[in-house]
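These protein sequences, in sequence, are chains G and R.
Numbering of the first sequence is given in my numbering, commencing with residue 1 and proceeding in unit increments.
Numbering of the second sequence is given in my numbering, commencing with residue 1 and proceeding in unit increments.
Since the hints were made in silico from the structure, they are not lab data.
Do not rely on the hints blindly, as some may be mistaken.
[To be verified] Here are the simulated DSS-like cross-link-like pairs (lysine-lysine), alpha carbons at most 25 Å apart as the crow flies:
#, chain 1, residue 1, chain 2, residue 2
1, G, LYS27, G, LYS171
2, G, LYS50, R, LYS310
3, G, LYS50, R, LYS308
No experiment lies behind these values; they were computed from the predicted model shown.
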Amino acid sequence: MASERFMIGLFSHEDNLLGAVRALREKKLEITDALTPFPVHGLEHELGYKDSRLHTAGFIFGLTGLLFALTFMTWINTYNYPINYGGKPQFALPSFIPVTFELTILFAAVGMVIVYCVRNGLALGRVPRIYDDRITDDRFALVFAIDEKRTADELNAIRDVLVEHGVAEIKAKEFSDDDEVFESSTIRLNEESK
Amino acid sequence: MGLGVLGIVLSFVLPDMSANHYSRFWSNLLLNTYYFAGIAITGLFFLAAHQLGYGGWHVLFKRVPLAMSRYLFVIFGLVVLITAGLLLDWHSLYGHWAHPHEVAYADSGMAEADRIVVSKSPFLNKTMFAVIVPGFFLMWALFSTAFTKRMTFIKSFKEYNQSKYLSALFILVFAVSMSVLSWMFIMSLDPHWYSTLFGWYNFASYTVAGFSFMILILLYLRSKNSYPHLDENHLHDLGKYLFGFSVFYTYLWFSQYLLIWYANIPEATVWYTKRMAEPLFKFLFFFTFLINFPLPLLVLMRRDSKRKLKVLGFVAVMMIFGHYLDFYGLVMLEPNAVVEHHDDHHADDANHDSEEVALLSITEVEHSDDDHQVEGGHEGDHHAEEHVDHQEDFHGEAPEEAMAHDEHHEEGHGHGDGHDAEEPATTHAGLGFVELFIFLGFLGSFLFVTFRALDRQDLENVEDPFLKESKHHHI
Chain G
1 MASERFMIGL
11 FSHEDNLLGA
21 VRALREKKLE
31 ITDALTPFPV
41 HGLEHELGYK
51 DSRLHTAGFI
61 FGLTGLLFAL
71 TFMTWINTYN
81 YPINYGGKPQ
91 FALPSFIPVT
101 FELTILFAAV
111 GMVIVYCVRN
121 GLALGRVPRI
131 YDDRITDDRF
141 ALVFAIDEKR
151 TADELNAIRD
161 VLVEHGVAEI
171 KAKEFSDDDE
181 VFESSTIRLN
191 EESK
Chain R
1 MGLGVLGIVL
11 SFVLPDMSAN
21 HYSRFWSNLL
31 LNTYYFAGIA
41 ITGLFFLAAH
51 QLGYGGWHVL
61 FKRVPLAMSR
71 YLFVIFGLVV
81 LITAGLLLDW
91 HSLYGHWAHP
101 HEVAYADSGM
111 AEADRIVVSK
121 SPFLNKTMFA
131 VIVPGFFLMW
141 ALFSTAFTKR
151 MTFIKSFKEY
161 NQSKYLSALF
171 ILVFAVSMSV
181 LSWMFIMSLD
191 PHWYSTLFGW
201 YNFASYTVAG
211 FSFMILILLY
221 LRSKNSYPHL
231 DENHLHDLGK
241 YLFGFSVFYT
251 YLWFSQYLLI
261 WYANIPEATV
271 WYTKRMAEPL
281 FKFLFFFTFL
291 INFPLPLLVL
301 MRRDSKRKLK
311 VLGFVAVMMI
321 FGHYLDFYGL
331 VMLEPNAVVE
341 HHDDHHADDA
351 NHDSEEVALL
361 SITEVEHSDD
371 DHQVEGGHEG
381 DHHAEEHVDH
391 QEDFHGEAPE
401 EAMAHDEHHE
411 EGHGHGDGHD
421 AEEPATTHAG
431 LGFVELFIFL
441 GFLGSFLFVT
451 FRALDRQDLE
461 NVEDPFLKES
471 KHHHI
C-alpha cells in the first residue's frame, strides 16, 4: 500500500518561519509547502513562487463568455427567432452589450472559482490532508515531503536549519491511500521560543 | 515650459486672425478651461477620498495632487472671463439660450425646441450662470487653499483626524457642484438636449486625465530623483486607478449611449445624430472610444504592464489625448455651428448677428419633409414613423443623408483659416494648430503653476505619521 510521508516543522512565530525559509532557500533545500493561519507578508516572495496563472485562466474564461454571449444572441436574433422590437435592427449590438458584459463576468468568476478549487485540492469529495490541527490557530508550518528524491543527509540538514531558527516542534506524518492517517514521531523542541 | 508660454502667446494671436466671430477661440478656451479644471480638481478628489478611506500609501507624494489643484485659481480667472463674455456679449457660446430674441421665436411656432429652452430658463439664464459657475469654481479654488493649509504638513494624528472633516465636506460639495457645473457649463451649449448622467460622465472622463497627469508628473519627478522612495508599487496603484476609472468612464459612456439609442426619443438622439453627421466628429466619436477603452483595458490589465513605468507612461499620455478629444466632441460642435438656410437643424443656432438667415430657415422648416429627429421632439405621427426608419440606420444612412442634403459641406479640418461666414459648413470646428497651441498653452501654464507650487516646500513631510507606511508600500 502506497503512502506518502512528510516531515513537518511547526513554528510559533512568523518571523522564525521566514528566517528558516530564507536559510533553506539559500541552501537549496526544497520546501514542499508552507501553511500559516494568516497571510504572511512577503512569504510567497521568499518561497520563490511565481505569479499565479489564475488570472490568465480568468481572461480565457471571460473571453469564452463574451464570445458565447455575442454569438448566441446574434444567432437567436438574426437567424433562429428574429422578432422586431420597436423597429430596432435585428443585429442590435448596443442592446447585446449588457448581457455580454454580464456573461463575461459570470464565466470568468465561476471559471476561476472552479479552477482555484481544483488546483488547491478543494474539489468536492476530496478529503483534505491536515498536517497539524494547530496550523489554523497559532502554528506556522513548513512541510517537507519524504520521498526517494530526498536523502537522509538532506533531511538532517533541514532539521538543523529548523532548529537553528527556533522551531517549536518537528514531527513526521504519513498519509496512506485510503486517507487513514497515522503519526509516527514527534520531537518537541523549545516550545516557548518567542 | 518655454514652449508652453510660447503656445499661450501664439494661441492668443492666431485665433484673432482666423476664427469666425472668435467662436473658435472662445470655444477652445471653454474646452480647455473645463478640461484642466477637471484635471486640477482630481487632485483634491484623490486626496479627499484617501483621507476618508484611511489611506496612507499616498502620503509620500501627497504634495503633487495638492500642487495640481492650485491651478484652480487660474481656472477661476478664465471662468470669470467667460462669464463676463456671456454677460457682455463678447461671444455666442451659449447662443441657444443666452440671446432673448431667439427665444422669442418660440411663440411664432418655429420650433418646439425653443420651448424647451423657455421651460429651462428659470435655471438656465444669465444671472444664474453668473452666480453659479464662477461661484462654484471659486469654491473649488478655496477648497484647494484649505487643503493646502490643512494637509501639506500634518504632524500628528489629531491634525490628521481634523482633516477628515474637511475631506468629507469637500466630497459632499464636490458631488453636487460638479454635476451642476457640467449642466450649466457644458450641457447648456445644446440646451435642447439633456442627459441625466452627464455630470458623472464628465467626472469619470476628467478623472482619468487627472490620474494620467499625476502619473506623468510623478514619473518626471522620479527621473529627477526628487522622490527616492517612490517606486513601482506606488505607480502600480495609480495605474490601477487609471485602469478602473477608464472602465468606469466607458460604463457611463455606454450607459448614456445605450439608453438614448434604445429609448429613441428625438430630443435625446439629436445629440448623437448631429455628431454622426459630421465626418470629423463621427471619426472622433469612435476614435476616442477606441483610445479610451480597449487601449487601457488590454494594456493595463496585466500586472506587469502597470509596473513597467514606460508602458504606464505611454498609456497615461494616450489617456490625456483621448480624453481631450472626448471633451472636444462634447464642447466644440455647438459653439462653432454655422447658421444655414438649407440645414434645418442648425437654423436656430448660435450666431446672433444673423437674424435674417435664421428667419429664412423658418420657412424652410415648414416646407421641409426631411427634418427627421434632429428638429427635436415636435414631430407629428407621420414624422414619428419616418423617424423610426431613420433611426434604424442610425450609423449608416442618417449621416450620409445629411451630407447629401448639404452639398457644400466642409469637413472643417485644418487650420480654419479659409472659413468665411458665407461658406456653408455645418461647423467651423476643426482640429488644427489653433487647437494644438491653445492646448499647449494650457498645458504649459498648468505645469508651470503645479511645479511652482511644488517648489515652494519640501516634497516630503518627514513628520507625517503615515510617511513610514507610505515609504514601505508594497504590493
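Determine which of the earlier numbered hints do not hold for this structure and return their numbers in increasing order.
none
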